[in-house]
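Enquirer: These protein sequence lines are chains A and B, in that order.
Be aware that the first sequence starts at 1, since it is given in the numbering used here, and climbs by one per residue.
Be aware that the second sequence starts at 1, since it is given in the numbering used here, and climbs by one per residue.
Calculated from the structure, these hints are not laboratory results.
For each label pair, taking beta carbons as the anchor points, the in silico distance ranges come out as:
#1 A/Leu183 with B/Gln519: 43 to 51 Å
#2 A/Ala83 with B/Gln292: 34 to 42 Å
#3 A/Gly41 with B/Thr323: 26 to 34 Å
Cβ atoms here follow ideal geometry from the backbone N, Cα and C, with glycine treated the same way.
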Amino acid sequence: MNPNQAPRTRIRLRYSKAGRIRFTSHRDVARIWERSLRRTGLPVAQTEGFSPRAKLHFGLALATGYESEDEYLDVDFKCADVAVPDVLDALVSVLPDGIAATGGSVLLPGAVSLQQAVTICDWDIELIDVTAEDLAEWVDRVRGAATIVITRERKGQQITDDLAPQIRALEVGESTSRGVRLLATLGTQPRAARPSELLTVFEPQYRPVLIQRTRQWIEQDGARLEPLMVGAAPAQHTPVGVQ
Amino acid sequence: MSLWSELELVLPEVSKPARYIGGEGGMVEPEHHPSKVAWLLAYPDTYEIGLPNQGLQILYEILNERDDAVAERAYAPWVDMEAEMRAAGLPLFSVDTHRRAGEFDVLAFNLSAELVYTNLLNCINLAGAPVRADQRADDDLLIGAGGHCTYNPEPLADFVDFFVLGDGEEVVTEINAAVRDWKRAGKRSRQSVLRALAAVEGVYVPSLYDVVYDGPALVSITPRFADVPAVVEKRTVADLAAWPYPKRQLVPLTEVVHDRLNVEVFRGCTRGCRFCQAGMITRPVRERPAEQVRTMVADGLARSGYDEVALTSLSTADFSGITEVVSATMDCGAGEVSVSLPSLRVDAFTVGLAAQIQRARRTGLTFAPEAGSWRMRQVINKLIDERDLYGAVESAFSQGWRRMKLYFLTGLPTETDVDTLAIGELARNCVELGRAHTKNPSVTVSLGGFVPKPFTPFQWFGQNTVAELQRKIFLLRDDIKRNRGVQMKWHDPKASLVEGIASRGDRRIGRVIEEVWRQGGTFQEWSEHFDYDRWTQAMDRHGLSVDWYVHRHRTEDEVLPWDHLSAGLHKDFLWQDWRDALNEVGLEDCRWTPCYDCGACTGYSIEHIVASAVPPAGGSQGTGQVPTGYQPPRAVEVQLSGVGERATS
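Bound conformation, chain B alone (with noise of 0.2 Å):
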């Protein structure tokens, strides 16, 4: 039954009340039924975050297209909102039809952030249900979660009852089953359909697992029964191309970030960047088809009415023929569309690709090398040369932009001084590069503290300090404060503790993240809420040391709290891999050389999938074109004892 006419009269007392009205075009009413499982499906974040989540609309359109399941959304409702609804004693709702989040059988979040955790909690609980998995009766919600952060789901194992690691497009399919029966037989005993989820492959249940510590160490994660999984291992869609979702793509009625047309062009990434979790458990490369691509673009336009279209990917510019389906794509709809490709590779190509969708609004341009120096980009295996970077930026100027972003890490492995610095070097000659075009040119720095991700090279790295990054930081600030045209804006070091916490944590953090979500800490990605005493004072009230979880340095035996779950990466590919990164030797993007086995094709038997045997021209990253100082991989051993800036505090 609909809430509607409850919400109507506490609407018009919340900021931005078009954040809970749904009606976007696209939005499904659909009728549940007893024999049908109903999915909520949530995004634990405001409405103008995610609203966008195109795993999250790709999910809502598969499960709705069946006979046997309905789906509809929900988002994290901003304070206000909270309040009013707990004063009236409104719980958690879908957008769609306005039921209340009770009335479905799964509750299930994509989590795409550390920071969002306690508004998983918070949202579970206003929902109505226990927020701890082993407080939940027979007939409660099932909560589940899906996304990046599931690569490391043991800080959300006490709350979570199943966790999906990979692409959902089939596996949804399958849990839709195992509940589908479960809910038709009568929903008797829970245990049972936990049972069954487990035995779902890319389905991890975490209340089937043992665990057992040594004092802070983890001992290991084994499965209570013989029939469930002592390793999951991810899922992985062998070809996109079956996959044309979404079909319908949500249209909302209010602002959101994103507010255009995506189309995904390919899945999964290759360049080998050592920080990035993204590209490392999202392989292989799976490209769309280049007509399949043409007609998304051309139905997503004709059905939405935007005049934008983001054609998405880890890096865009990669695409065989990218050339074609951007002119394609801009011939559309009588060339009043833009086109915008996030994630653009650095390299004079990359500008002309830019020059061409930004024909007429030429104001900033964005660029990501990472780091500042050659010795730090080959450690991170960014293997961006100096040439390419300044060449990309001169084409740039010289075709009209005369603002440049430049997105970099601080607090990677190994970094020193002189690569800190080596940033503030780096956006003083693009500026001057810009004064050949431009009276003003303007480079804005852009810092992010680096956090290790679980299934990257660098899971074993420990995390910088906030002192050691805020050191960093305001070393650069003042290297760069008297340069005209050098900008620099920067992320909270704080902030990035706290996702340490959360990123490797293993499953004692949980009862941080319960305890300041207790204390009311909510909305922690949003600075005006975010609150790093109450991370660390919890930390201490747990006996949880943050040095032990953050800054220590992991070893090769180490058990990581992940190590029962696979992304399809042979931990001795990321060991020698990390090695590697020590030693700065880069690694070639293995979509257009030999296989180096990093176990994400062979492990599921299956290949890229793209279009173009050879990479495409201009750039040096992993293109062909062998940069100065470029060593191809070697097994070497080095002793742990010389990386990077060991945890002072």
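The following block holds chain A by itself, in its conformation from the complex (with noise of 0.2 Å):
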């Protein structure tokens, strides 16, 4: 049989990432994945050609250094009969310290990739040496301004961009033993606006000690959804762990 015609199943799994972990990069993330779907033992579909490789298929990258609590992966299955709650108590025992399997759902052929489908993501951003009552002042003239330009450089090239539009909510969050939280949401396309970005738009220039992606939501006539939610078979492979 062609092995493009076998039967497949994809399955949407969510996953957070804390603790020393989250200095690993997205590639380092990537190939932890391959390692540990590899010692579960399921029959996880391979790519053709000389050098195989697991069918893995991320979202967005989170930045070296951040943390999760709502990362995604799709993979893909080379049988028809992969069932959530099977894959997630395998994943139990192989992942390492600070890598967590939190929730899956089937996937019905044809559903939008991760980096697509995700329109924005919720941050809780860590910041020091700042009162809450300056971060505030901060956030109102954030929030004030028409247009703020930054420039990133690309391929060698110095891009500017107006992050405005980008920043869809922004407010002062709890203060920690550190320091204060700030909370926004972020959109991602076409380009995914970084928590470091925002940090450098208005002086003073917080310093952020842990940043937190808390959400992934993808945008439908106006209602957020989760990712677990969008594409997701119907009734008999119910998504486990939608929040």
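Two chains, two frames, a set of hints: combine them into the complex.
Expert: Now the structure itself:
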């Protein structure tokens, strides 16, 4: 049988990344997933060709050093009857400390890729050397700005972008033992705005100690949907772990 | 106590922060206790280079299995991290529990290359201990070192409290016992623990020896006390089967070199290549039973999740029953496992083996003929017949490989331009062979400057000067420039010179290493940080002659800085082998032929452990097929003045 016509299951997994492992890169995490899935012995589909690789599809890259409670990847399995609870159970003992699979759903064929589907992310940014009052004043200035021009380097060229339309929400959160939290919702299309860029738009430039992605959202017809719900197959494959 | 809360503030500022987080699969977070010796095992290079080191991982496991020891790991912080650490007042730390180095009892280094010596000093300094051993207080860290470089420990004698010669599996427990007793008695006298360590076989404590010079010449290195050995013997594990380590190879979270499962299939090599220190100091050959190899591969793959396994040794195709072990390995994990065999022999059998393991991806294959002419290969005892080499190359191209890499040394004893140019001829012939099979065959010549090493027959040879090495490199480069399909890469001859200073230097070289380190000369093995002038200027400032240390031929009666140490090899065996080299006389592999008493077995009452009584099929390298021009060894006297390229600078 042509392997491309073999029965397939694509499962979207949600996972968290926290603790010391947050300093691994997106590439590192991809390799960790490959090794961990191999250890489960689950029938993960492989690419064709000279050096077969597991068929994994990752969403928006998380910057090195950031934590996240809400990361996703899609995994192709080479048979039709893979169940989400079995996959989650098998992963418990093989994922390294700091990475945990927290949910999953079977996707319908043709579901849009994570990279394209996710439109906004919620961020929790812990800043030090700042008071809640000063940060509130800073937040007001950012929110009041009609345009926020940032420059960044892309392929050796200086590119300017307006960050303002990408800042969907911004507020001061709780105080912590080390500083104050800044809560932000940032757009991802056509290019994901980064918390580090947000922190450089106005003086003073506050220093983050911990940046955490708390949620990723897919906006459809004005509604915010979580990635496990979009493209998920019907009832017999009820998503596990929807928040 | 963990430094993590401070480290996580600086890690966002540095490149590749995952180097410093630990968290590998197989990592141990041991419970420290006053009754246990705490070891910080350090590799004085970056995490990516150091993490895979098997020697360090073996000791890490053996120590952590004991109830009177704990072991954690440290690696040299890259320059950006070092700057952040120094600015924040953070010391060298373990990656396992991020404990400061000062909370350990022993800081023990693995030394596998001379150019990391300044990193060793830097790590001691970052750990908060005085870099000079004689300035350390009773309760300062004990600084130890093991690994191949410790066969000439003298350049580091002022900085390291104790060196270990040979296999570490058994001796580490004896060292631990000595340190444990001292620690439990309150670490009262540093001198007492050093004396106890010197009594452990295989341990060399340099501060307990007097060194006498006469002008530039070394006269003697002798123990200052009757209970300190006049000659320190290396340690050899008699049977590798008793040590199936690492059992839980560390699986890093970030990318490192050799990022795969590594299973050591045998230790030692008796091919007898005269330039090769590893082959001389790790004798005899001790094979791991094939069944144990299979178990270690299967278990290792299952627990690591790796899809690649390397069967390691100094010449893996020589392993008895290698074909069966490779087949068994490839059948692990539903056939998705790839096997790599570092250090391949040059013959058609080896290519057949390579074809078996690289069923799909045939990109490049590497061979190491080491010298271009048959005469030169007889001198170095790398007895590869041209028929073997061309047979291997023909076989590789015909089985689908398109690129070949050939390793050569230059600056070998008795080498002339004829030998150098023979490398080009050989590479051209290989490309021609390839044309019958592929449109664009490619052969890359990789050329390294030869650095003579202690405990080899070439330990008496005067290394070529930088100018001479450079001349030969350019001679070859110009010769092959016009040939399509032949590329060339080479090692910086200036780096070879600095390696030469440390390789055979005596205790006085320590001052040079210290000065280069004080001037900021770390990571010298990285070309962007290597600073040749710092080394030569430091030699000048201390009145030490590069010519004396590096380029001078040694005489038979000369006291060598490692004469008070023993790798098991009789000095007269090495001298005879040196004379044989100059007479272009090869010597067969003693694994399958009668013993010629080098000393490595007889001196320690041990034997080769080789499952097969006959050499592997195919190939001329001591495998019974006598190549053209081969003569059995015989004793001949020659005058030293006829040797090699005399130093000119």
